[in-house]
Amino acid sequence: MSTTVDEPSTSSREKHHLETADASSLFILKGELYRKINEQRQKTTVGAEKIPKKSVLRVTKEEDKKLTEERQRRQERIRELEKSVQQDEEQRKRVQRILEEKSEIYARLSRGEAVLNGDNEPVEFLVDFDAKKREEEKRRAEEAEKDRTEQTEAVHFNPTEEQRVYGVSHVPLPKTETSRAKRKVLLEQREKMKWERLNRIRKRKGLEELPPPDAVEGKDFCILKCLFPVYLQESC
Numbered sequence: 001m002s003t004t005v006d007e008p009s010t011s012s013r014e015k016h017h018l019e020t021a022d023a024s025s026l027f028i029l030k031g032e033l034y035r036k037i038n039e040q041r042q043k044t045t046v047g048a049e050k051i052p053k054k055s056v057l058r059v060t061k062e063e064d065k066k067l068t069e070e071r072q073r074r075q076e077r078i079r080e081l082e083k084s085v086q087q088d089e090e091q092r093k094r095v096q097r098i099l100e101e102k103s104e105i106y107a108r109l110s111r112g113e114a115v116l117n118g119d120n121e122p123v124e125f126l127v128d129f130d131a132k133k134r135e136e137e138k139r140r141a142e143e144a145e146k147d148r149t150e151q152t153e154a155v156h157f158n159p160t161e162e163q164r165v166y167g168v169s170h171v172p173l174p175k176t177e178t179s180r181a182k183r184k185v186l187l188e189q190r191e192k193m194k195w196e197r198l199n200r201i202r203k204r205k206g207l208e209e210l211p212p213p214d215a216v217e218g219k220d221f222c223i224l225k226c227l228f229p230v231y232l233q234e235s236c
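Going by full-length UniProt numbering, the sequence shown opens with residue 1, and the numbers climb by one from there.
In short, the hints are calculated from the structure, not lab data.
The structure displayed is predicted, hence computed values, not measured ones.
Note that the Cβ used here is the ideal one computed from N, Cα and C, for glycine as well.
Just so you know, not all the hints are guaranteed correct.
Cβ-Cβ distance ranges computed for the label pairs, FRET-style [what the hints assert, rightly or not]:
id	residue 1	residue 2	range
1	L99	K203	29 to 37 Å
2	M193	D88	51 to 59 Å
3	K192	K102	24 to 32 Å
4	R108	Q189	34 to 42 Å
20 Å max Cα-Cα, derived SDA-like pairs, lysine to any residue [stated by the list, open to error]:
id	residue 1	residue 2
5	K184	P212
6	K146	E135
7	K192	E136
8	K182	M193
9	K182	P211
10	K83	R94
11	K192	L210
12	K194	L207
13	K182	D147
14	K194	T176
15	K182	R148
Produce the entire structure from the sequences given, and follow the hints as far as they go.
In structure tokens:
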């Protein structure tokens with residue numbers, strides 16, 4: 001009896017024809033073939049299992065170099081951002097400190113206090129910060145003086161006073177007039193100091209000096225000093 005057996009076909013091999021007269025030999029050959037195929041499959045599976053995981057995710061030298069450079073650039077950007085944030089914070093604190101100092105100086109000037117520099121000398125400002133305050137004080141003083149003057153009674157000659165000291169025509173001045181004269185002198189002195197200070201500043205800046213105070217005001221100032229030498233402690 002003759003039997004023709006076809007081997008299992010594969011995509012990469014040609015078909016082979018095997019002729020045998022014994023059927024048992026055919027089954028033996030087929031069993032051997034399947035055994036060889038299973039062994040080959042097992043070897044392939046075991047080889048794949050033995051491949052370490054590192055080899056699957058293995059990084060080449062070029063890839064590692066690129067990753068290192070990218071990491072360095074990222075760290076550099078982080079440092080630059082941190083530096084920028086720190087500079088912004090320092091700038092904010094510096095501006096806040098300057099504003100607080102200016103606010104303190106303005107408050108002191110508004111209260112009429114003097115601001116001294118490192119040499120313990122008054123700081124000269126181009127802007128007169130307390131001018132408005134002086135004007136308000138002057139206006140209130142004039143209004144109060146006007147009210148008191150309207151209520152003051154006329155002062156006549158007092159015959160009971162000693163004539164040898166004060167003279168025949170002596171009339172005691174009311175206290176309101178004396179206080180008013182003192183305030184007027186103080187205001188004139190302040191204006192004079194302000195005029196001198198502004199001229200010193202303008203001179204340093206190369207500007208033309210301001211003209212002196214009005215001659216009429218200077219004359220009135222001298223007359224007041226002559227009338228009230230006791231309070232002004234000097235005479236014309």
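Here is what the structure says about each hint:
The hinted range of 29 to 37 Å is satisfied by L99 and K203, whose Cβ atoms lie roughly 31 Å apart. Range check, M193 to D88: Cβ separation about 44 Å, and the 51 to 59 Å hint is violated. Range check, K192 to K102: about 28 Å between beta-carbon atoms, so the 24 to 32 Å window is met. Checking the proposed 34 to 42 Å range against R108 and Q189 shows it is violated: the Cβ atoms sit about 21 Å from each other.
At roughly 18 Å between alpha-carbon atoms, K184 and P212 fall within 20 Å of each other, so this suggested pair holds. With a C-alpha separation of about 16 Å, the suggested pairing of K146 with E135 holds against the 20 Å cut-off. Our distance criterion of 20 Å between C-alpha atoms is met by K192 and E136, whose separation comes to about 19 Å. With a C-alpha separation of about 17 Å, the suggested pair K182 and M193 falls inside the 20 Å cut-off, and the hint holds.
At roughly 25 Å between alpha-carbon atoms, K182 and P211 are farther apart than 20 Å, so this suggested pair is violated. Distance restraint check for K83 and R94: the Cα-Cα separation of roughly 16 Å lies within the 20 Å cut-off, and the hinted pair is therefore satisfied. The hinted pair formed by K192 and L210 meets the criterion: a straight-line CA distance of about 12 Å does not exceed 20 Å. For the suggested pair K194 and L207, the alpha carbons sit about 16 Å apart, so the restraint of at most 20 Å is met.
Under the criterion of a C-alpha separation no larger than 20 Å, the hint pairing K182 with D147 is consistent with the structure, at around 18 Å. For the hint pairing K194 with T176, the CA-to-CA distance comes to about 27 Å; that exceeds 20 Å, so the pair is violated. Between K182 and R148 the alpha-carbon distance is near 16 Å, which keeps this suggested pair within the 20 Å criterion.
In the structure shown, a violation is registered for the earlier hints numbered 2, 4, 9 and 14, in ascending order.
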